[in-house]
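Here the protein sequences come in this chain order: Y and V. First residue of the first sequence: 53, per the numbering used here; consecutive thereafter. First residue of the second sequence: 53, per the numbering used here; consecutive thereafter.
Think of the hints as simulated: they come from the structure by calculation, not from any bench. It cannot be assumed that every hint is accurate.
Remember, identical chains collapse to one label, so a pair may be satisfied in a single copy or spanning two.
As the list claims (entries may be wrong) - SDA-like, lysine to any residue: derived pairs with alpha carbons at most 25 Å apart:
no., residue 1, residue 2
1, Lys507, Asp148
2, Lys420, Ile131
3, Lys251, Pro241
4, Lys507, Ser98
5, Lys420, Leu129
6, Lys300, Thr93
7, Lys420, Asn90
8, Lys189, Ala161
9, Lys251, Gly282
10, Lys464, Gly138
11, Lys168, Gln209
12, Lys455, Ile131
13, Lys420, Leu82
14, Lys413, Asn90
Quick caveat: nothing in here was measured; it's all calculated off a predicted structure.
Number of protein chains: 2
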Amino acid sequence: MFTRDIYIARRQKLKETIKSGVLLFLGNELSAMNYVDNTYTFRQDSTFLYYFGIDQEGLVAIIDLDEEKEIIFGDELSIDHIVWMGNLPTLKERADQVGAETRPSGSLAEALKGRKVHYLPPYRPEHQIKLANWLGKSLNEVDSGVSEEMIIAIGEQRLIKGVEEIEQMEEAASITADMHLAAMRYAKPGMTEAQVAAKVREVALADGNDVSFPIIATINGQTLHNHYHGNTISEGDLFLLDTGASNKMHYAGDMTRTFPVGPKFSEQQKDVYTIVLEAFYNSLNILKPGINYKEAHFAACETIFEGLKSLGITKGDTGEAVANGAHALFMPHGVGHLLGLDVHDMENFGEEYIGYAGEKKSSQFGLKSLRLGRMLKPGFAVTIEPGIYFIPELIDLWQAESKHGEFINYAKLADYRSFGGIRIEEDAVVTDSSYKVLGKPLAKTIQEVEMERAKAF
Amino acid sequence: MFTRDIYIARRQKLKETIKSGVLLFLGNELSAMNYVDNTYTFRQDSTFLYYFGIDQEGLVAIIDLDEEKEIIFGDELSIDHIVWMGNLPTLKERADQVGAETRPSGSLAEALKGRKVHYLPPYRPEHQIKLANWLGKSLNEVDSGVSEEMIIAIGEQRLIKGVEEIEQMEEAASITADMHLAAMRYAKPGMTEAQVAAKVREVALADGNDVSFPIIATINGQTLHNHYHGNTISEGDLFLLDTGASNKMHYAGDMTRTFPVGPKFSEQQKDVYTIVLEAFYNSLNILKPGINYKEAHFAACETIFEGLKSLGITKGDTGEAVANGAHALFMPHGVGHLLGLDVHDMENFGEEYIGYAGEKKSSQFGLKSLRLGRMLKPGFAVTIEPGIYFIPELIDLWQAESKHGEFINYAKLADYRSFGGIRIEEDAVVTDSSYKVLGKPLAKTIQEVEMERAKAF
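Same shape as in the complex, but just chain Y (with noise of 0.2 Å):
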């Protein structure tokens, strides 16, 4: 459990980290959708809830390494609230559970002033505003004011994930294996992409939790950016759900399955299912500490360009087509990325610092897009999630210029052409040796995904 004193030893870490000046943690407010008091559901700031942990909108706090003070700024209710909002408990306990002083959010600019102030960079314009208001910086100052050594710091920290993490990240997890285990037990021909995208959210919801990020749902897995749910589904599709959960401590599961509309796959889509399958797990497998985690990156790249040979798509030498980017045309994202409290973890903060530390990233087509190029240790949560596509506009484009000729049977891939994408992702954990699942286990073979489909018709 997340006991007053891990928001204390947290912080105590931070504070042996940093020597000097206050560090800034900017709660989030709620967020107007239509209008200023119609709101979207709140979401608290990531590192907010991993150092103080308050579920609340309206909240800032501060650890000051110079006065040696943890003070949560914000206002008590008044009696009219608690009239329309019913008895909460006060902010001053809230804090006392987690190890922290309050103070009136009005002495919070006060609190600043003239000090040297650490803040991480913001992903919201109030954020942006707040800042330049406190610190009286215009709000271009505010971007290239934010702290290097605080992103660095939390970074590494939030890296690492703790014991109590790892026990809500399985949970996520295996809230997330139950959404996919209900869309797979319910979606039938003649539906719409939208009632399965439904019943998946209803299962996220009705336990309390939510989802991590907008649901994927889609018959055109081929599209990565999919958020579109207006298509009829039909036999013969493929269905491709890429969705995850985010528990009541706001930790995010993430995971991928793409299983036939019709109960069977066809025999051509069993051939390229295989291939992810086999990627998914040759890319996994490479996961330890001590290993670049661009390894697992090309191993599902390699598996997938060889697999596809056996289809006489692709061919020649598969190391020098990966090291081209040849496979790209079929992957063109990255195998996977950070996971944790935000579905991809601290996304925010800059990927040259977190994903990378300082490793310079490629430029190439495909490689360009891998969030994560780093040494692993233990504790770093990473999802896995090959995928082959057939991408109309892009084998297209590349194919005009017989981009990558030597590699890729161009005239093969017109049976192809409407085949749409395949995608398998899960979580796991690096342990001192090597890795862990997370969550319960979720139908993943081609015999285990029929027979969860079976169920539904």
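Chain Y is already provided as a structure; the job is to place chain V on it using the hints.
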């Protein structure tokens, strides 16, 4: 249907009201949840939808009254985007469908330079920042520089719903009724509030719609701003569900029902329910052109005060009690609000312009929460939502000072302390002679509600 001509005609009407300068319409952006690229569901700005209809992020439009131009500023997708997003209609194609021309987003600032620019009150911080940049103003100057002329002209236009809008609102209300019906037939003792709310959300999402505001689904109906869904529901509890659909065109429904968690209402619950239902009808029946909406509010307040007399809770002259605000112990909110593209239609424009149109708003407890207090015209769409609540914190507060002691039997209230709250709400549009309730009929009488509840058991 929403033809090109409708959008042209809407803009034409606006152009006849405001004669010079540039009218600026800020479309919305995707809003960051926990980092820039993990976003909430996109919600286009309602006024942008009304005049320009394009449901896509990253757009800004102007009506240049001096140059007689109607331009949407935005950028076409690059081939990179098409690879990831699929082949979508171009911006130019979409703009053609609403009769506007397009220009690259980068040319907007130039188009505004040195012009008299009218804009509406910004309700998202990124809009404040953009306006400050485009207009060379400080954020404070942006807030104080909104165009009263534009607010009033658009307000008066959007207030009168066209036939094509009423069609959409009928649909939104019917989906809303389906959401309620699903809950009534699903909720059972032992479930959590979250399970019921999740079912409601599923119904909204399954047909490609969503909710128009966060779902209130609670056994603590007396807590008015209640979005907590963590309670387990039990025989004897009342379940208050206040929810609405936002349909594909983003018109809002907003209905409330209160039903017993067991199959039947208790006698005490029936007594109070009967009063609320009577208040609902007495308020609804007031609606017609030329009447001030306050009359509908007072009709509900008087029915409630009068009805509670029969239970021994209130006493004295009803007219005097309501004039003094004594009823507000039981109904501290207003009887309803405007409805349209926004569930509180145009709330971001400012109540003084829209809900009250210059009429003075009361500061009396209860009445100060009434969001609409002006004369009704044909085409106004409103909710009617009276309720009776027993709010322990408020009862204690008033009782301690014997507030309105001549009208309230505080001793009697002990029997109702854990009663909770009941609200009944429907949507209606003012017609030429009276009103029309929107959407398909939904169980509302005690008998009808108990019939639906029987299906859950």
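For each hint, the structure was consulted:
1. Lys507 / Asp148: neither (50 Å within a copy, 47 Å between copies)
2. Lys420 / Ile131: between (54 Å within a copy, 16 Å between copies)
3. Lys251 / Pro241: both (15 Å within a copy, 22 Å between copies)
4. Lys507 / Ser98: This pair counts as neither: shortest intra-copy Cα distance 38 Å, inter-copy 43 Å.
5. Lys420 / Leu129: Classified as between: cross-chain Cα gap 20 Å, same-chain 48 Å, threshold 25 Å.
6. Lys300 / Thr93: both (13 Å within a copy, 20 Å between copies)
7. Lys420 / Asn90: Close across copies (19 Å), not inside one copy (38 Å); limit 25 Å.
8. Lys189 / Ala161: Close inside one copy (13 Å) and across copies (23 Å); limit 25 Å.
9. Lys251 / Gly282: For Lys251 and Gly282, the Cα distance is within 25 Å both inside one copy (15 Å) and across copies (20 Å).
10. Lys464 / Gly138: between (66 Å within a copy, 22 Å between copies)
11. Lys168 / Gln209: within (22 Å within a copy, 52 Å between copies)
12. Lys455 / Ile131: Classified as between; 16 Å across copies, 69 Å inside a copy.
13. Lys420 / Leu82: between (34 Å within a copy, 24 Å between copies)
14. Lys413 / Asn90: between (41 Å within a copy, 22 Å between copies)
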